[in-house]
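**Q** Given next are the chains, with one letter for each unit.
There are 2 protein chains.
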Amino acid sequence: MTVQIGLIGAGTVGGGVIKVLQKQKSILEKAGMPVRLARVADKVTSRFETLPVGDALCTADAFDVLNDASIDVVIELIGGVTFARTVVIEALNRKKHVITANKALIAEHGPEIFECAEKNGVSVYFEAAVGGGMPVIKSIREGLIGNDIVSIKTIINGTCNYILTRMSKEHLCFEDVLKQAQANGYAEADPTLDVGGGDSGHKVAIMASLISNGYVPYDKIPIEGITSISPEDISFAHELGYTIKLLGVINKAEDSEGLDVRVHPAMVKDDHILASVSDVFNAVLIDGDAVGRILIYGRGAGELPTASAVVSDVADVARNIIGKTAIRLPMSYYNSSNVVTINPIEDIVSRYYLRFSVIDEPGVLASIASFLGEQGISIASVIQKERHSDESVPVIILTHEALESGLKQALSIIEEMDYILARTQMIRIEQ
Amino acid sequence: MTVQIGLIGAGTVGGGVIKVLQKQKSILEKAGMPVRLARVADKVTSRFETLPVGDALCTADAFDVLNDASIDVVIELIGGVTFARTVVIEALNRKKHVITANKALIAEHGPEIFECAEKNGVSVYFEAAVGGGMPVIKSIREGLIGNDIVSIKTIINGTCNYILTRMSKEHLCFEDVLKQAQANGYAEADPTLDVGGGDSGHKVAIMASLISNGYVPYDKIPIEGITSISPEDISFAHELGYTIKLLGVINKAEDSEGLDVRVHPAMVKDDHILASVSDVFNAVLIDGDAVGRILIYGRGAGELPTASAVVSDVADVARNIIGKTAIRLPMSYYNSSNVVTINPIEDIVSRYYLRFSVIDEPGVLASIASFLGEQGISIASVIQKERHSDESVPVIILTHEALESGLKQALSIIEEMDYILARTQMIRIEQ
Chain A
3 MTVQIGLIGA GTVGGGVIKV LQKQKSILEK AGMPVRLARV ADKVTSRFET
53 LPVGDALCTA DAFDVLNDAS IDVVIELIGG VTFARTVVIE ALNRKKHVIT
103 ANKALIAEHG PEIFECAEKN GVSVYFEAAV GGGMPVIKSI REGLIGNDIV
153 SIKTIINGTC NYILTRMSKE HLCFEDVLKQ AQANGYAEAD PTLDVGGGDS
203 GHKVAIMASL ISNGYVPYDK IPIEGITSIS PEDISFAHEL GYTIKLLGVI
253 NKAEDSEGLD VRVHPAMVKD DHILASVSDV FNAVLIDGDA VGRILIYGRG
303 AGELPTASAV VSDVADVARN IIGKTAIRLP MSYYNSSNVV TINPIEDIVS
353 RYYLRFSVID EPGVLASIAS FLGEQGISIA SVIQKERHSD ESVPVIILTH
403 EALESGLKQA LSIIEEMDYI LARTQMIRIE Q
Chain B
3 MTVQIGLIGA GTVGGGVIKV LQKQKSILEK AGMPVRLARV ADKVTSRFET
53 LPVGDALCTA DAFDVLNDAS IDVVIELIGG VTFARTVVIE ALNRKKHVIT
103 ANKALIAEHG PEIFECAEKN GVSVYFEAAV GGGMPVIKSI REGLIGNDIV
153 SIKTIINGTC NYILTRMSKE HLCFEDVLKQ AQANGYAEAD PTLDVGGGDS
203 GHKVAIMASL ISNGYVPYDK IPIEGITSIS PEDISFAHEL GYTIKLLGVI
253 NKAEDSEGLD VRVHPAMVKD DHILASVSDV FNAVLIDGDA VGRILIYGRG
303 AGELPTASAV VSDVADVARN IIGKTAIRLP MSYYNSSNVV TINPIEDIVS
353 RYYLRFSVID EPGVLASIAS FLGEQGISIA SVIQKERHSD ESVPVIILTH
403 EALESGLKQA LSIIEEMDYI LARTQMIRIE Q
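In the order they appear, the protein sequences are chains A and B. Start counting the first sequence at 3; every next residue gets the next number (my numbering). Start counting the second sequence at 3; every next residue gets the next number (my numbering).
These are computed hints drawn from the structure, not numbers from a lab. Note that the structure is a prediction, hence the values are computed from the model and not measured. Some hints here could point you the wrong way.
All copies of an identical chain are treated as equivalent in the list; a pair is satisfied when it fits inside any one copy or across any two copies.
DSS-like cross-link-like pairs, simulated, lysine-lysine; straight-line CA separation at most 25 Å [stated by the list, open to error]:
{"no.": "1", "residue 1": "K181", "residue 2": "K171"}
{"no.": "2", "residue 1": "K254", "residue 2": "K271"}
{"no.": "3", "residue 1": "K254", "residue 2": "K21"}
{"no.": "4", "residue 1": "K32", "residue 2": "K181"}
{"no.": "5", "residue 1": "K171", "residue 2": "K271"}
{"no.": "6", "residue 1": "K21", "residue 2": "K45"}
{"no.": "7", "residue 1": "K410", "residue 2": "K97"}
{"no.": "8", "residue 1": "K171", "residue 2": "K121"}
{"no.": "9", "residue 1": "K254", "residue 2": "K27"}
{"no.": "10", "residue 1": "K271", "residue 2": "K326"}
{"no.": "11", "residue 1": "K32", "residue 2": "K121"}
Here chain A stands alone, though its shape is the one from the complex (with noise of 0.2 Å):
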């Protein structure tokens, strides 16, 4: 038999993927997994013109494929979670399995979608969901599946982690290295779901939904992006040897029964395997409780890495409707009955990185390590530069150990100072 595919949504990622289906098709053959392009949908029919496939197979409705009997398989590259979302529970209640690539999908309305897969026999596969052609969600489901998956802390946004790279090594301030980014294709016209933490956060519910075998929601998420760093914080970072990255952090507490899950902006030390990634590489840090601390490393997107992925869900599709197991991993756990709950981010304990913008005059250092010894929060370490202005002075102060709670509540007792000409810089230090 032939497994038949149907694409719908033939923008960048979906023409990589035809692109990708054809030249792996004999390898894909001889490996027992013949695979046919049955069908492709996407109402922009102007991107059918570029798309090596003849005009046969092209629709603007998504309804022909999946209308289609003959199709098992149908790949969702719309994006978005409105039309995405009504295309995958149509196919799924089809008895169609789904391969998407739809982050969001998965993040805001997964259990949704894997309890209308399990009710109707079918399988839904997102390897590109996450960290694009690297095979995080396989190796998280698959080859760790002898772990408890303890801790995931990574750089999932490729747009965020290249504008924080020029950042550092151009001394560039945020606004002028977005503008180059969206003038290179790096970043979007609209880019606040990257920038915002947003895109990081879906990526980042779904890698915590599948290590606590329960349904992580993504709008419970503590979520900060990379908007407030400035070109200051990364030259005061480095000269404390450490580089500023967004990252997502998932922590199994052992003493709570929630999750630890957030994403924001850390400093990690500048020998961290973390720090060295850079531009727009992505990384994922698993530590498991045997395998101990893996690194999975590369391209986050683009066409052809998230291509890779898609096809990479095709081939095991495949096997499974050629093999007749409709279902080979669960789709069960990641459902509404099983909400696990996120410990509010006040809970978490850590080292902080605080630059305050002050007046500069006598007793002002003295004044905050006051109110932030009141609530048991030892100093690691203090810069105080020369003015740099006629108007503010930057204290510097990277703190040990704190809860957070403390932490913010010593905060907002300074922000009401006198002595205190801006808001507050607070950046979280991983180690």
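Given the coordinates of chain A, work out where chain B should sit on it, guided by the hints.
**A** Relative to the frame of chain A, chain B by itself:
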């Protein structure tokens, strides 16, 4: 049904597998893969005392496991290629699936084993044979199936990487670090297979076979170990901005039918991602035509990391058995009718680090440069330091890209000169 497992070889890794299987039992069960450790064999029966299994399961005779008709899967953790080979072939002939961590066995007897598996309609899994708990085999065979993998560069022997890291950090010589590594268990009493490069060669042979869909014979791979690397080489490399690593290199050459496969010490730029892989850690840098560069990093050996890989194979085999798909991944291409030609190392083009030990007299550098020039080898940089003994002075030359055969021709002429006082050191530079 419950999948019945027989374990043969209850040493360090075997004990780890038992621990991890017990710990993950309920996870595997929930995921639809109930497994049961039915039998454990080891001729060293004293090992049973520390195992968390009942005496009734244990036997000194491997054939008690092989002849037990209730056993579906045999895990071979004996090591070596003699009795281990017998056990694997006998298990396959009894239509039992085989899981092994034995890199030497797969590298040296792969075709016989896979042909036997194919003939008997069962599967052989060997994730633990390469890179301990890192999902390298799974990534190559499944996660990256959308790619033509065009090159692999890898640090795949923890003992060598530990020795080179300590030599580099503490300015020690090879012999001293080896002794310490043996004392603290990071090196075997007979370290030949590790420091001579053979262990890396086994793993590289397996990866090379997988990416070329054929059989890359281990005994044809050019292999050099790290025993000749001196603290002097490491410090000159450092001075030039390079780190010395034992690398496995696989390149699909564009203009050649054969494969470039080799294991040798190599200099990599300090900012190369492989330069940051230190101590016992391993890394596999894979270059795929769709995905670009992917790095997998982790612990390549040890009780629990290796057990993690074995248990992931158990899960895969259990899924196959329960899904009634005896052979999910093809066993057929890794066979004796499909032997891959390995290109002579003399055909590679590389940059080279050369350390000549010469008499400190006028004209020596000119003579060396002239012999190199006659072979078309141009010099990129030179370091000549003041005499460090009455006898000899080191002259360091970094070449531009050159054909290895020409370089060796030049060296064989230079080595005959009276001004040469010791064997010339040659280390390839990898981009």
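**Q** So which of those numbered hints doesn't the model satisfy?
**A** 4, 7, 8 and 10
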